[in-house]
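Counting with this note's numbering, you get residues 437 to 1032 for the letters of the sequence shown.
No lab work stands behind these hints, which were simulated from the structure alone. Misleading hints may appear alongside valid ones.
What the hints assert, rightly or not - Straight line, CA to CA, 30 Å or less: simulated DSBU-like cross-link-like pairs of lysine-lysine:
1) 500 with 466
2) 824 with 751
3) 818 with 467
4) 520 with 631
5) 620 with 533
6) 500 with 474
7) 919 with 477
8) 620 with 643
9) 519 with 803
10) 803 with 474
11) 519 with 631
12) 528 with 971
13) 519 with 500
14) 477 with 971
15) 558 with 700
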Amino acid sequence: MEGRGTTRSQYAMNTGATPPMYGWNMIPWKKIQRNVFKLQKRIYRASRRGDSRTVRTLQRLLMKSWSAKLLAVRRVTQDNQGKKTAGVDGVKALTPKQRLTLAHTLTLGDKAAPVRRVWIPKPGSDDMRPLGIPTIHDRALQALAHCVLEPEWEARFAPNSYGFRPGRSCHDAIEAIFTIIGHKARYVLDADIEKCFDRIDHAAVLKKINTNPSLRRQLKGWLQAGVYDAGQWFPTEEGTMQGGNISPLVANIALHGLETVLGKQFPRSGSRGFQAPKIVVYADDFVILHEDRQIVMQCQEMAAEWLQEMGLRLKPSKTRLTHTLVATEGTPGFDFLGFHIRQYPAGKTHSGKDCRGRLHGFKTLIKPSQTAIRRHVAKLRKTIDHHKHATQETLIQALNPQIVGWSNYYAHVPSARVFQTLDHTVYAMLKGWAVSRHPNKKKHWITSKYWRVDDGKGWTFQPPYGGARLARHAHTSIQRHVKVQGARSPYDGDWVYWSKRVGHHPDVPPRVARLLKQQQGRCRACGLYFTDGDKMEVDHILPKKDGGRDARDNWQLLHRHCHDMKTARETGCQGTYDTRHVAEEPDERKRSCPVL
């Protein structure tokens, strides 16, 4: 594996590492992944029983593990969506030999390279969100540290914390809220932390993580590495820059403990007595629910005081106290994660109150929020405007991912009427697009050119000779999402539960779900179970160039890295290729997520 004319001793002298004895594509990944998971499961169990000494010992062992280093390098160079994003060193990709060399050189230190700042638009706002792109070496080392720290904190995190955690999603948070308010209307504090990632106090979060000294020094180095913006270096005295692998975990650790503080201040008394306030957290957004308004206001004061310890504060413009049923301050209901959650009076009188003035007779409805609908319509209109002179096939290819992705995200709440309204809106925009292309033609001629109406499937936006057809929101079936059980974690080792859950996850398209069921949750190439967060790709068993059909009997589901290796073997090349069929549908929440 050394370069031409380079001896093993010269290699060790230049890189400070022992040269690899085998190629990247010959690594036994199945065995390596099992070794790493066994250690992570032991860390999780030790943390659950409060054995901090065993946790530290196992973490040091995992940090030095060759298997963990290989998986960390594979994640940042082959699996992650932002794998070809360069840091300040300008390196975008690594060859298989360079990946092995990087794995050998992954060791903890006390310094880190500055991150490269990239500005991206913030959804629903004119503001820009700053991302910090570390170098590939720092990303790999952060992935290794994340692999070490996550099992420990997964055993500590509160059950109703759902942001940036394995096996949990926005839909789990929405279902948790639905369960809490399902039998009793409540007051709600809809809170938002102002610039959470940018203002976390470094000393406070490092003290809270309380890990071994070597890892603590490395974490401090990442937090204080600084940032390059437009060729100028700026120090980072507070906050954790969005864009790194470990930033979401650090933010979750910083925000951990609020539910415990509120639970101690308002303890539950008896099965039918005083109920403690409930809190549901997703990253820097959280809601506090209780039937007593005064208690919710006290919780707001305690939360604001507790956040000051981490250098954070609530954002007044996005913090609102309301009620799920009664119009106390403005309209009832609230928006959370793109959903509008509200209760409506129900029953014979529709009054919502009995003879004693107590609330009763209501139903809970969760729908897409008006802000999310307007944002989606604006994006579709922008796409149509940008394709005024494009072919119909090109426009359909641009619109379909947006329609399918948005519909899949909201397909687990009663969204049927919203979907129908959106389809009418899309039709009106497409009609304007078609008329603008042929201003002198009659409507019947335009309709016959761009819509098919005689095949028994209604008005379908499709070329007259066939081909791809425009997806419709209303064609997405509504299916109730099942919330993750309690404090469940992928590190608990229950493969039966998690492999079944992956096939019913909201982010999994129907085709992928069918293949997961057919393959019993395993990858056809390596034989390992798919877990939440794995990048999956639909592959043709017999390639099209060899006569393979694009049909169910010729599809199989593979890990992304397994698909890369298969493509390399078929093409006779040792590199990786990006000509693949992506299994994930686009998701607005994930596109705005700072994780690369």
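Going through the hints against the structure:
A hinted pair counts as satisfied when its Cα atoms are at most 30 Å apart, and residue 500 with residue 466 qualifies at roughly 19 Å. Taking the CA atoms of residue 824 and residue 751, the gap is near 41 Å; set against the 30 Å cutoff, the hint is violated. The suggested pairing of residue 818 with residue 467 is violated, with an alpha-carbon distance near 48 Å, which exceeds 30 Å. Of the pairs offered as hints, the one joining residue 520 and residue 631 holds, with about 27 Å between alpha carbons and a cut-off of 30 Å not exceeded.
A threshold of 30 Å between alpha carbons decides the hint, and for residue 620 with residue 533 the separation of about 60 Å lies outside it, so the pair is violated. Distance restraint check for residue 500 and residue 474: the Cα-Cα separation of roughly 15 Å lies within the 30 Å cut-off, and the hinted pair is therefore satisfied. In summary, the hint linking residue 919 to residue 477 is supported, as the alpha carbons are separated by about 23 Å, within the 30 Å threshold. For the hint linking residue 620 to residue 643, the alpha-carbon distance of about 40 Å lies beyond 30 Å, and the restraint is violated.
Proposed proximity of residue 519 and residue 803 is contradicted: the alpha carbons are some 35 Å apart, above 30 Å. The straight-line distance between the Cα atoms of residue 803 and residue 474 is roughly 41 Å, outside the 30 Å bound, and the hint therefore fails. Note on residue 519 and residue 631: the hinted pairing holds, with a Cα-Cα distance of about 26 Å set against a maximum of 30 Å. A distance of roughly 20 Å separates the Cα atoms of residue 528 and residue 971; the hinted pair therefore holds under the 30 Å criterion.
Under the criterion of a C-alpha separation no larger than 30 Å, the hint pairing residue 519 with residue 500 is consistent with the structure, at around 24 Å. With a C-alpha separation of about 21 Å, the suggested pairing of residue 477 with residue 971 holds against the 30 Å cut-off. For the suggested pair residue 558 and residue 700, the alpha carbons sit about 37 Å apart, so the restraint of at most 30 Å is broken.
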